[in-house]
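**Student:** These are the residues of each chain, in order.
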Amino acid sequence: MKIKIDHKTCTGCKQCEIICSLAHTGSVNPWRSRIRVYVGEEFCYPVIAGPYTEAACNSKGTRMVEGVEVDECVTCRASCPSKSVYKEPDTGIPLKCDFCGDPPNPQCVQWCAPNCLTLVED
Amino acid sequence: MFGWQGKILRIDLSRGTWRTEALPTYLMQEYIGGRGMSDRILFDEIDPRIDALSPENKLIFSTGPLTGSGAPSASRFMVSAKSPLSNCVSSPCCGGYFGSNLKYSGYDLLIFEGKSPEPVYVTILNDRVEILPALHLWGKESYETEKMIREDMKARFNLDNWALNSMGIANIGPAGENMVRFACIMSDGGRAAGRSGLGAVMGSKNLKAVAALGTGQVNIADVEGFRKAVMSFYMEARDSGDFRKRRRYGTWGLPGRANASKSQAAFNFKDGYFEKFVKYEDPEVIIDLIRVRDEACFSCPFGCSKRSRVKNDPEYPLTAKGPEHETMALLGANCGLGDMEDICRANYLCNELGMDTITTGAMISCAMELFEEGHLPEKDIGYPLEFGNTNMFNLLKQIAHRQGIGDLMAEGGIAFASHYGHPELFMGIKGMGIPAWHPQAFDALGLQYATCNTGGSHTKATMPFYEGRKDPAFFVEFTKKDQDYLATADSGILCWIIYHGPEWGDKMAEWLNYVTGTNYTKATLDPLGERIWNLEKLFNMRAGVEKDSLPPRITTEPRVKNRVVPLDKLLPEYYEMRGWDKDGVPTKEKLEELKLEKEGEGVI
Numbered sequence: 001m002k003i004k005i006d007h008k009t010c011t012g013c014k015q016c017e018i019i020c021s022l023a024h025t026g027s028v029n030p031w032r033s034r035i036r037v038y039v040g041e042e043f044c045y046p047v048i049a050g051p052y053t054e055a056a057c058n059s060k061g062t063r064m065v066e067g068v069e070v071d072e073c074v075t076c077r078a079s080c081p082s083k084s085v086y087k088e089p090d091t092g093i094p095l096k097c098d099f100c101g102d103p104p105n106p107q108c109v110q111w112c113a114p115n116c117l118t119l120v121e122d
Numbered sequence: 123m124f125g126w127q128g129k130i131l132r133i134d135l136s137r138g139t140w141r142t143e144a145l146p147t148y149l150m151q152e153y154i155g156g157r158g159m160s161d162r163i164l165f166d167e168i169d170p171r172i173d174a175l176s177p178e179n180k181l182i183f184s185t186g187p188l189t190g191s192g193a194p195s196a197s198r199f200m201v202s203a204k205s206p207l208s209n210c211v212s213s214p215c216c217g218g219y220f221g222s223n224l225k226y227s228g229y230d231l232l233i234f235e236g237k238s239p240e241p242v243y244v245t246i247l248n249d250r251v252e253i254l255p256a257l258h259l260w261g262k263e264s265y266e267t268e269k270m271i272r273e274d275m276k277a278r279f280n281l282d283n284w285a286l287n288s289m290g291i292a293n294i295g296p297a298g299e300n301m302v303r304f305a306c307i308m309s310d311g312g313r314a315a316g317r318s319g320l321g322a323v324m325g326s327k328n329l330k331a332v333a334a335l336g337t338g339q340v341n342i343a344d345v346e347g348f349r350k351a352v353m354s355f356y357m358e359a360r361d362s363g364d365f366r367k368r369r370r371y372g373t374w375g376l377p378g379r380a381n382a383s384k385s386q387a388a389f390n391f392k393d394g395y396f397e398k399f400v401k402y403e404d405p406e407v408i409i410d411l412i413r414v415r416d417e418a419c420f421s422c423p424f425g426c427s428k429r430s431r432v433k434n435d436p437e438y439p440l441t442a443k444g445p446e447h448e449t450m451a452l453l454g455a456n457c458g459l460g461d462m463e464d465i466c467r468a469n470y471l472c473n474e475l476g477m478d479t480i481t482t483g484a485m486i487s488c489a490m491e492l493f494e495e496g497h498l499p500e501k502d503i504g505y506p507l508e509f510g511n512t513n514m515f516n517l518l519k520q521i522a523h524r525q526g527i528g529d530l531m532a533e534g535g536i537a538f539a540s541h542y543g544h545p546e547l548f549m550g551i552k553g554m555g556i557p558a559w560h561p562q563a564f565d566a567l568g569l570q571y572a573t574c575n576t577g578g579s580h581t582k583a584t585m586p587f588y589e590g591r592k593d594p595a596f597f598v599e600f601t602k603k604d605q606d607y608l609a610t611a612d613s614g615i616l617c618w619i620i621y622h623g624p625e626w627g628d629k630m631a632e633w634l635n636y637v638t639g640t641n642y643t644k645a646t647l648d649p650l651g652e653r654i655w656n657l658e659k660l661f662n663m664r665a666g667v668e669k670d671s672l673p674p675r676i677t678t679e680p681r682v683k684n685r686v687v688p689l690d691k692l693l694p695e696y697y698e699m700r701g702w703d704k705d706g707v708p709t710k711e712k713l714e715e716l717k718l719e720k721e722g723e724g725v726i
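Quick note, the sequences are listed as chains A and B, same order. Read in order, the letters of the first sequence are residues 1 to 122 in our numbering. Read in order, the letters of the second sequence are residues 123 to 726 in our numbering.
Among the hints, a few may not be true.
[Stated by the list, open to error] BS3-like cross-link-like pairs, simulated, lysine-lysine; straight-line CA separation at most 27 Å:
| hint | chain 1 | residue 1 | chain 2 | residue 2 |
| --- | --- | --- | --- | --- |
| 1 | A | K83 | B | K269 |
| 2 | A | K4 | A | K96 |
| 3 | B | K276 | A | K60 |
| 4 | A | K2 | B | K644 |
| 5 | B | K367 | B | K401 |
| 6 | B | K398 | B | K683 |
| 7 | A | K83 | A | K8 |
| 8 | B | K367 | A | K8 |
| 9 | B | K350 | B | K367 |
| 10 | B | K269 | A | K8 |
| 11 | B | K644 | B | K384 |
| 12 | A | K96 | B | K350 |
| 13 | B | K129 | A | K87 |
| 14 | B | K350 | B | K644 |
| 15 | B | K269 | A | K60 |
| 16 | A | K60 | A | K83 |
| 17 | B | K603 | B | K712 |
| 18 | A | K87 | B | K398 |
Because the hints were derived from the structure by calculation, they are not lab data.
Just chain A, same shape as in the assembly:
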């Protein structure tokens, strides 16, 4: 299973961040969420936390999403030393998406009102 992201429909409401932190920590704090939304001019970019990596890559590259150039560091899913997201704000412990259990029932997908996030088979 994976979570499919449709960049054309994300509105930047960040309800996914809210429910992710609420479901995992019992309080609301986007900085403790395993999904974050980067708000751009033309599109918003939800990015789901992947595995932790020890080293920062210092990537200066860009990639195309829906025809718009985006900083690669923004769309990168890794929790890494050079990024402020996907870390417990107090302890710095890295965070990673766990699909909200087994069988997968990601709450961000449930709470995504514009249906930008959908759960699909591999």
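Given the coordinates of chain A, work out where chain B should sit on it, guided by the hints.
**Tutor:** Chain B only, in chain A's frame:
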């Protein structure tokens, strides 16, 4: 603590110092948050008779217990102060990401006092508060200001792209700096705490911007109950056609609706119908023309606002938020401007300059009528200015920079129209421009505008679109109940656009109970709203605000549906329902019932 953070951040700009205070329990219990708390603090701490642009005025940014909690459409923050435009106590609100960031920083309220000797901006990163010089930002337009602040903060606090992107910035443009009396406070690239000129108050304090980045949390009392309730709210909303329409069109469906019901303010309220908007009656046309993307405020599943751009015009390269229906009506139809791209340009300019599109539109349409009637000579403006003339773009810049005739117009509609001998041609209430819907189309609307505690505003009571229910008694009661209910919604804070109409009071109570663990019902919330409304009224009476009235065009010239607003008849009924006397003064009994006897001393 659940819901609230329990802390006030108080910044003394005169001394350049700040401190935190505990949020008093009675404020939480009796005034909830947002507008209620701010009103109470302003009532207690400032003399209502002061000049709104003097250092004695206080500027309060506030959140409510629901802000940032994840309750649907609870992102807003209120800005409160005495208004330099209407002299009323006023609380415009604004969506976007600033409110939640202030809340996650750990504060319910942010109070600015005094006046900084030099231009400054304030950064709030949780408990790290800094007051920084802003000379390099002074004179910059809104979008550029936000960009430069992000660059400053990147260097100063070593923030990465994600942190810079998450923060919220409230700022003023040149209009606020120059103390234009209808300047607004801008946020997140085009959102605004727009009405009543609080941008000028911010400018008078030499405060260019406030940037907040909070990494704290909001605690929820009943997590499981809350999750279930929000989820079922979503399921319900997803199935409703209204929800889909709101997401797809936002307020862009309203020009068509306003034309159809003959309630489209046009040509300085001389008409209720605008021929040139016929082509926009299908909102898909507007979408094809200017939309870039749908944009939601923080934690709002509806996402009704639109980001727009004038295509292929290098002079307007950036996207702007809106134009919303109010802007289309006031800067468009009311100024005779019928091209949506032109309206988009005017909206863009107002956003960048930091001016309220509604009162600005009312000012310009007033100038246009004065010009056409021959009261305003062309040599005073420097160019012709009949209805529909795009010379108005120049005028927008002149007002914001107080150049030429703009200097006089920046003082507000009453001063401007009186200067040319025709104060009756400014379509405003207590100095504030009347919003989009023509009151002659709906009696209740005239009553709502006239009795609004901040001036001519459409956000403190909602337009009752109830077909078939036309008897005045219903409208009077609706107006009172909705004003009271919205006072609590503004204190929660819930977005009034989504939760409009007093029947939403139950939902408000439900969210409050899940989030804060209190035991509210609609029946216990309503009196809190009524108290807030009466407290505002007492403030305004102390400030010497003029009596409730409408411009003579609305009450004596039948322009729409051959009707006028019978305000003489409606006002006494409304006052009676409020428990006020025939002059609109709260009675002793009413104030005793609301436990406001002491507050009423000396004015009743």
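**Student:** Determine for every hint whether it applies to the structure shown.
**Tutor:** Structure-based check of each hint:
1. K83(A) / K269(B): holds (20 Å)
2. K4(A) / K96(A): holds (17 Å)
3. K276(B) / K60(A): At roughly 17 Å apart (the allowed maximum being 27 Å), K60(A) and K276(B) satisfy the hint.
4. K2(A) / K644(B): Given that 27 Å is the threshold and the Cα spacing comes to 43 Å, the pair is violated.
5. K367(B) / K401(B): holds (19 Å)
6. K398(B) / K683(B): holds (19 Å)
7. K83(A) / K8(A): holds (25 Å)
8. K367(B) / K8(A): holds (18 Å)
9. K350(B) / K367(B): Judged against 27 Å, a Cα distance of about 25 Å means the pair holds.
10. K269(B) / K8(A): Roughly 25 Å separates the two Cα atoms, so the pair holds.
11. K644(B) / K384(B): violated (35 Å)
12. K96(A) / K350(B): holds (24 Å)
13. K129(B) / K87(A): holds (26 Å)
14. K350(B) / K644(B): holds (21 Å)
15. K269(B) / K60(A): holds (20 Å)
16. K60(A) / K83(A): The hint holds at about 14 Å.
17. K603(B) / K712(B): holds (16 Å)
18. K87(A) / K398(B): Status violated; Cα separation ~54 Å.
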